[in-house]
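Enquirer: Each chain, written out:
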Amino acid sequence: MINRKTAFIKRFFQDFYLVLIVVFLYAPIATMTVLSFNNSKSRTQWGGFTTRWYTELFSSSTIMDALYTTLLIAFVSSLIAVIIGTAAAIAINSMKPFPRSLLMGITNIPMLNADIVTGISLMLAFIAFGISLGFKTILIAHITFNIPYVILSVMPKLKQTDKSTYEAAMDLGATSVSAFFKVVFPDILPGVLSGFLLAFTMSLDDFIITHFTKGAGINTLSTLIYSEVRRGIKPSMYALSTIIFLTVLVLLLITNFAPKRKK
Amino acid sequence: MNKKLLSGPYLMWMIGFILIPLALIVFYGLTDKSGAFTLSNVLSISTEEHAKALWLSLGLSLLSTVLCLVLAYPLAMILRTRGMGQGSFIVFIFILPMWMNFLLRTLAWQTLLEKNGVINGILSALHLPNQGLINTPGAIILGMVYNFLPFMVLPIYNVLMKIDDNVVNAARDLGANSLQVLIRILLPLSIPGIVSGITMVFVPALTTFVISNILGGSKILLIGNVIEQEFTKGSNWNLGSGLSLVLMIFILISMALIAKYDKNGEGTVL
Amino acid sequence: MKKRIQMVLAISALALLSTSLLSGCGKSQAKAGSNGEVYVYNWGEYIDESVIEEFEKETGIKVVYDLFETNEEMYPVIEAGGVKYDAVCPSDYMIQKMAQNNLLAEINFDNIPNYKEIDPKYLEMSKSFDPENKYSIPYSWGTVGILYNTKMVAKEDIPTKWSDLWDEKFKDNILMQDSVRDAFMVALKSLGYSMNTTNEQEIKEAKELLIKQKPLVQAYVIDQVRDKMIGGEAAVGVIYSGEMLYIQNEVKDLGLDYSLEYVIPEEGTNLWLDSWVIPANAPNKENAEKWINFLCRPDIAKKNFEYITYPTPNKGAFDLLDPELKNNKALFPDDSMLKNSEVYKYLGDQSDSLYNEAWKEVKSN
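Chains as they are written, first to last, in the working numbering: chain G, 1 to 263; chain X, 264 to 533; chain R, 534 to 898.
Simulated from the structure, these hints should not be mistaken for lab results. Hints should not be assumed to be uniformly reliable.
[To be verified] Facing chain R, according to a computed beta carbon distance under 8 Å, are these residues of chain X, among others:
(1) E377
(2) N379
(3) G480
[To be verified] Computed cross-link-like contacts, SDA-like style, restricted to lysine to any residue with a CA-CA straight-line distance of at most 25 Å:
(4) X/K482 x R/I755
(5) R/K859 x R/Y879
(6) G/K136 x X/G279
(7) G/K234 x R/G764
(8) R/K684 x X/K315
(9) R/K848 x R/L880
(10) X/K315 x R/K747
(11) X/K482 x R/K737
(12) R/K747 x X/S309
(13) R/K836 x R/L804
[To be verified] Pairwise CB distance ranges, derived in the manner of DEER restraints:
(14) X/L391 x G/K5: 53 to 61 Å
(15) G/G105 x X/K266: 13 to 21 Å
(16) X/S303 x G/D187: 36 to 44 Å
The C-beta atom is built at its ideal place from N, Cα and C for all residues, glycine as well.
Please construct the entire structure, taking both the sequences and the accompanying hints into account.
Expert: The following block contains the structure:
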């Protein structure tokens, strides 16, 4: 009886703690959502309810262009990072301990290095080699910091795969390429996907590295917002964030609570 | 079949876009405007205003790292015991905010913390005295904890989930209580996650310049602000690079720690 | 389960991408210019976006539009030449610095017939940084002053001079400008020195004064002064006159129980000009001149003024304004109110770093 009671109290405190953390994480997001319906441009005054920022959003070519650039860079950089990173992970996995830890060490650099140092060092390199700053330099920078996330997501899955299945496939006459795609790839696919997703998110959220490597006439959402911070953010920006957030949230809820398919 | 060849593109990429750029920072940091060798850029960290900024950054980022750890560990424990590990739903709860731009989220905190902000509005509705929250070191710490908490939760959660329930049950069968299980089993086994969480929080917190600008009212100068200003406003790239080199010492320490405690890369974010 | 969620999220990412691809493609096609392009580098929120579209439609020149936040941030970009711009809109002292370092091209005024619309008064003002008026064409101008909240500041405490910003009464209620020159201008002027001083002793005194003021300051901000003052966050703030129209309208719209008033301090202030210049390495100089000429057209200048609300030096546009606006003294002050005011000058690299170092000390203190 006492045990049940303490278990109940324990559960209550656990729930309470979870709720607190979720409130902490989502309070600013709720604030933004509210501001996206604020009729006043001011961040601090409530000027009545409006949806005009949502209509203005779609007619603002600056924001739509920045959104397009942001998504394009996030997608292309994650894709290229997945290809290079997965290949590298396979190679690293088959290496001897020394070159392996050397490569993993290099992999860790962009993860652990300060964003500001990574951004500045890339900017210095682009200027030193006469590469004019623009779309391609942002893309290169994003691929650079995305690759490690892919490698670190794929490596654990590679370790779990059974080498003998791959060898068996080869013995049965498969070429190494088809053996890889038929046998190994399905096993590491979850790692590849989560690597892609993580890279996509990191690219979407990056400001500092983009800030230093971007050039003329190009803005991602982050850099556009930063240039607006000083003059006051256009509420359309809050509207856009609310839309993105709700889209992802709804998709997440659908996948989580949809009836489970039988395996 | 030579699998090692597959690392070719990766190696070239890393040399071109990680190692060479870093070498450039070293070059700029160790030369003056005319290109002659000098240590003065690196040594300028000891000047009063730089040293102050560095100490302040170290203090604030250490504090926020500790706070993140204190908040994250129980959270990861709860998630583990409540068996929320089946779906990755819970993981996405922590990644989801990152889909909203980090600048906007930080700016939203400004709206919450301001004198006439939401929190003070709630306080005065409850007839409690208003608090001066914004533009203080506390606001900066809050911003850091908020932005970097997921990087602490996820690695710890990941290592905790990998611990076999049977190990815990065995310990219990042998008479260990909850505290002993925590200290003897869970904590030691989750060290890789803790270490990687600490570095994932500490380094960005140490070097941020945006959070201190937005939530600190630019009154508090952190080392990240100094470096950013040397590059964007002071246009003294050599000094900025020299100070970046000083920061890299802390990053090297982090890498060494990771190499020591997390050999197999277990404590990764996903 | 895990796999499925990841799949769906990846797919959702794709969906987001494809929608934006669709919207993005449509736009970029409409934009492609038949008569070349012009690379414009301007302050954030410093133009009515529809003006860009109008220009593109009228001339067939595609505008590649980019933003900067401070003169100091813009300068190395132009100097490094990583990106080559055709038209840039820096402030006074920066124009002088760029001209001195041979970064500017002489403008061919034959290509800019609308130049005659600029009030000669402002060309005279420009001479302090562009002595022969050959590199720059004024775009907007203004003063820097003190904005105060009528509810938070008692009648007898209404600030009239810069030194009022050192009044203990305003502790934690002062918003200062977060830029070297503007912050030092306030301190130097209150000491009675020129804001263009290169005298080490005077700079040092100003620095000490700013350090003394720091405990009273709520925050160092740039354009956020505006929103913070409207929100009643602070009692007094240092602000650019161009924000006044927006502020007055917003105060009216929100029905606040206080108003915000603008004062030009008696010690004199910074009279600033932002002007269009053409960098020496501009690849499309003629298009840049077309662009500047377009902006000088009275109806366009009026439209821009209405959007950015910074006073226009364009006589033609000024004449088109409502009488009420013409008489707005915060925006268009009488000459007598500007007695002791100066325009920023470029002080040379050495003095620049003197100021930068001093400012760093203020900030780290």
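Enquirer: Now look at each hint and say whether the structure bears it out.
Expert: Comparing the hints with the structure gives:
1. E377: 6 Å, holds
2. N379: 5 Å, holds
3. G480: 3 Å, holds
4. X/K482 x R/I755: 13 Å, holds
5. R/K859 x R/Y879: 32 Å, violated
6. G/K136 x X/G279: Distance of about 15 Å is within 25 Å: holds.
7. G/K234 x R/G764: 16 Å, holds
8. R/K684 x X/K315: Violated, at roughly 38 Å.
9. R/K848 x R/L880: Not OK: R/K848 and R/L880 at ~31 Å, beyond 25 Å, violated.
10. X/K315 x R/K747: 16 Å, holds
11. X/K482 x R/K737: 20 Å, holds
12. R/K747 x X/S309: Holds: R/K747 and X/S309 sit about 23 Å apart, inside 25 Å.
13. R/K836 x R/L804: 23 Å, holds
14. X/L391 x G/K5: 53 to 61 Å: 34 Å, violated
15. G/G105 x X/K266: 13 to 21 Å: 20 Å, holds
16. X/S303 x G/D187: 36 to 44 Å: With Cβ atoms ~55 Å apart, the hint is violated.
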